[in-house]
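Residue numbers (the working numbering), protein chains in the order written: chain A, 62 to 301; chain B, 62 to 301.
I should point out that these hints are in silico values taken from the structure, not numbers from a laboratory. Keep in mind that the hints are not guaranteed to be accurate.
What the hints assert, rightly or not - DSBU-like, lysine-lysine: derived pairs with alpha carbons at most 35 Å apart: (1) Lys134/A / Lys178/A; (2) Lys134/B / Lys230/A; (3) Lys178/B / Lys134/B; (4) Lys156/B / Lys301/B; (5) Lys230/B / Lys253/A; (6) Lys158/A / Lys148/A; (7) Lys134/A / Lys230/B; (8) Lys156/A / Lys136/A; (9) Lys301/B / Lys136/B; (10) Lys231/A / Lys253/B; (11) Lys134/B / Lys120/B; (12) Lys134/B / Lys178/A; (13) Lys230/A / Lys156/B; (14) Lys253/A / Lys158/B; (15) Lys231/B / Lys136/B; (16) Lys231/B / Lys148/B; (17) Lys156/B / Lys136/B; (18) Lys301/A / Lys134/A; (19) Lys134/A / Lys178/B; (20) Lys301/B / Lys158/B; (21) Lys253/B / Lys253/A.
To be verified - Anything over 10 Å on all C-beta distances counts as not near chain A; from chain B, calculated: (22) Pro123; (23) Arg133; (24) Lys148; (25) Asp201; (26) Thr229; (27) Arg251; (28) Ile284; (29) Met286; (30) Val290.
To be verified - Short, incomplete list of chain A residues facing chain B, as computed with Cβ under 10 Å: (31) Asp65; (32) Gln67; (33) Asn212; (34) Phe213; (35) Arg234; (36) Val236; (37) Ser244; (38) Asp254.
Since the model is a prediction, treat every value here as computed from it, not as a measurement. Where is the CB? At the ideal position from N, CA and C, for every residue including glycine.
Number of protein chains: 2
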Amino acid sequence: MHIDIQFLPSPPHANLLSDRVVVVMDILRATSVIVHAMTQGASEIIPLATVEEAFRMAKAFPRAFVILGGERKNKEIPGFDLGNSPKEYTAERVKGKKLILTTTNGTRAFHAVSPGKEILAGSFLNIGAIAQRCLESNRDVFIFPSGDEGNFSLEDTLCGGMLIDLITKKETRQVSLTDASYSAQILYQRFKDNLSEAFHLSRHGNELVNRGFEDDLAYCAQIDMTPLVPVFREGVIRAK
Amino acid sequence: MHIDIQFLPSPPHANLLSDRVVVVMDILRATSVIVHAMTQGASEIIPLATVEEAFRMAKAFPRAFVILGGERKNKEIPGFDLGNSPKEYTAERVKGKKLILTTTNGTRAFHAVSPGKEILAGSFLNIGAIAQRCLESNRDVFIFPSGDEGNFSLEDTLCGGMLIDLITKKETRQVSLTDASYSAQILYQRFKDNLSEAFHLSRHGNELVNRGFEDDLAYCAQIDMTPLVPVFREGVIRAK
Numbered sequence: 062m063h064i065d066i067q068f069l070p071s072p073p074h075a076n077l078l079s080d081r082v083v084v085v086m087d088i089l090r091a092t093s094v095i096v097h098a099m100t101q102g103a104s105e106i107i108p109l110a111t112v113e114e115a116f117r118m119a120k121a122f123p124r125a126f127v128i129l130g131g132e133r134k135n136k137e138i139p140g141f142d143l144g145n146s147p148k149e150y151t152a153e154r155v156k157g158k159k160l161i162l163t164t165t166n167g168t169r170a171f172h173a174v175s176p177g178k179e180i181l182a183g184s185f186l187n188i189g190a191i192a193q194r195c196l197e198s199n200r201d202v203f204i205f206p207s208g209d210e211g212n213f214s215l216e217d218t219l220c221g222g223m224l225i226d227l228i229t230k231k232e233t234r235q236v237s238l239t240d241a242s243y244s245a246q247i248l249y250q251r252f253k254d255n256l257s258e259a260f261h262l263s264r265h266g267n268e269l270v271n272r273g274f275e276d277d278l279a280y281c282a283q284i285d286m287t288p289l290v291p292v293f294r295e296g297v298i299r300a301k
Numbered sequence: 062m063h064i065d066i067q068f069l070p071s072p073p074h075a076n077l078l079s080d081r082v083v084v085v086m087d088i089l090r091a092t093s094v095i096v097h098a099m100t101q102g103a104s105e106i107i108p109l110a111t112v113e114e115a116f117r118m119a120k121a122f123p124r125a126f127v128i129l130g131g132e133r134k135n136k137e138i139p140g141f142d143l144g145n146s147p148k149e150y151t152a153e154r155v156k157g158k159k160l161i162l163t164t165t166n167g168t169r170a171f172h173a174v175s176p177g178k179e180i181l182a183g184s185f186l187n188i189g190a191i192a193q194r195c196l197e198s199n200r201d202v203f204i205f206p207s208g209d210e211g212n213f214s215l216e217d218t219l220c221g222g223m224l225i226d227l228i229t230k231k232e233t234r235q236v237s238l239t240d241a242s243y244s245a246q247i248l249y250q251r252f253k254d255n256l257s258e259a260f261h262l263s264r265h266g267n268e269l270v271n272r273g274f275e276d277d278l279a280y281c282a283q284i285d286m287t288p289l290v291p292v293f294r295e296g297v298i299r300a301k
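Bound conformation, chain A alone (with noise of 0.2 Å):
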């Protein structure tokens, strides 16, 4: 089994994705409040890269239906349902309900992966499920971390190198890395006993912690909560 994961968050090249499993992260907070609002009963996700699509997606379904989530630079969006802290996401607001979801890094992270053969949204929240997912899968794995607005992201990061060590520590074929999977492993095993360290060292944790979110790092920072595994296909992510 071949792991490569990728520093920032330009498209791939869809060679590096067809006939592999493709993880996205986007910890704070994206995938983790996928992650959530689907262990609240949320009957599927549809990530979109504009709010404007956010709208107009919306019109097409009846308002009770839909909830329309999300963020930019952290802030919440006029007109939207709910922001993009997990807490929001809470049963009474999304079972049975459709989620269409835009944020400023992790939504459009999904659909510039889309030639992936299998595309999973991972957080610390699942992480465990996810390994299992691809050690199952028999297939290559391509790690994509949504980044930073375009830039390297810590956490994103460290759930890779998560996924990395969880991985080669399980498969009983060869594992082959890249210098970027190593060097994800490495930074993992740097802050495995204190994720919460890294969150606050982090240029997105810090901001977050600025806007009054500093729940949410100690909430996405939580290992194993859910064996979810959300798959997005055709647009839409709904539980494995």
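Starting from the known structure of chain A, arrange chain B on it as the hints suggest.
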């Protein structure tokens, strides 16, 4: 002082470079060759992106004053005088001569960062002098690892991490780091007592070993062999 490092070698936006000291790193082996050739008395070095440009440039000077050096995918270039192994660049071959150099990754990197205020060639061989120059410049620093055929390079990033480590320990003003520069420093700290181990882990290092250049890994891992600071200005590298 702000220090950033870019993990993939796509040309950076000019606004990331202007007013900054930019340090280009291609440890295996272009910037190590540049530094070494200068210690052996090369008068100046002209880094060019293509083999065609190198032949054209060479014709502009009397043949006896010029050395053509470089590689493509770690193989010799037909018609060139030297390859890309530091040990070939002896005083006997290069003293007083103009070295025209073209390599797969490193030489094009200088042109990718040409909007930088001051552009330096960094390597482990001269890392202390590069750190000193950055400290004296009173400017922000942008580190540009030239990568491995467009991909993240472990050895270049470790050298960037060592530069960050040296600067943060000596700078008296506050130093701000990005997620990427924190990560490069952590990776350097992991391997600082055994750079050779890291070079053997890296894809490019492995390929050099397989092609019979293992000695180059040990040579390029030596720290502070020289106080030379090569500066790239108007297409030419000269000692500061």
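- Query: Can the hint on aspartate 254/A be confirmed by a CB-to-CB distance to chain B that is less than 10 Å?
  - Reply: 14 Å, violated
- Query: Is lysine 231/B close enough to lysine 148/B, meaning Cα to Cα at most 35 Å?
  - Reply: Measuring from Cα to Cα gives roughly 33 Å; hence the hint holds.
- Query: Does threonine 229/B really sit off the interface, with its C-beta more than 10 Å from all C-beta atoms of chain A?
  - Reply: 13 Å, holds
- Given the proposed pairing of lysine 134/A with lysine 178/A, does the C-alpha separation stay at or below 35 Å? 30 Å, holds
- Message: Tell me if the straight-line CA distance from lysine 253/A to lysine 158/B falls inside 35 Å.
- Response: Violated. Lysine 253/A to lysine 158/B sits at ~52 Å, over the 35 Å cutoff.
- Assess, step by step, whether the Cα of lysine 134/A is no farther than 35 Å from the Cα of lysine 230/B, and give holds or violated. Measuring from Cα to Cα gives roughly 33 Å; hence the hint holds.
- Query: Given the hint that lysine 134/B pairs with lysine 178/A, does the C-alpha gap stay at or below 35 Å?
  - Reply: 31 Å, holds
- If you draw a straight line from the CA of lysine 156/A to the CA of lysine 136/A, is it 35 Å or shorter? Since the Cα atoms of lysine 156/A and lysine 136/A sit roughly 24 Å apart, the hinted pair holds (cutoff 35 Å).
- Restraint status (C-alpha distance of lysine 134/B to lysine 120/B at most 35 Å): Since the Cα atoms of lysine 134/B and lysine 120/B sit roughly 24 Å apart, the hinted pair holds (cutoff 35 Å).
- Message: lysine 134/B and lysine 230/A were given as a pair; does the straight-line alpha-carbon distance stay at or below 35 Å?
- Response: Distance ~33 Å between lysine 134/B and lysine 230/A Cα, so the pair holds.
- Straight-line alpha-carbon gap lysine 230/B to lysine 253/A, limit 35 Å: Within the cut-off at roughly 25 Å; holds.
- Message: The output says arginine 133/B does not contact chain A. Does that hold with a beta carbon cutoff of 10 Å?
- Response: 20 Å, holds
Checked against the numbered hints given earlier, the structure breaks hints 13, 14, 15, 27, 35, 36 and 38 and satisfies all the rest.
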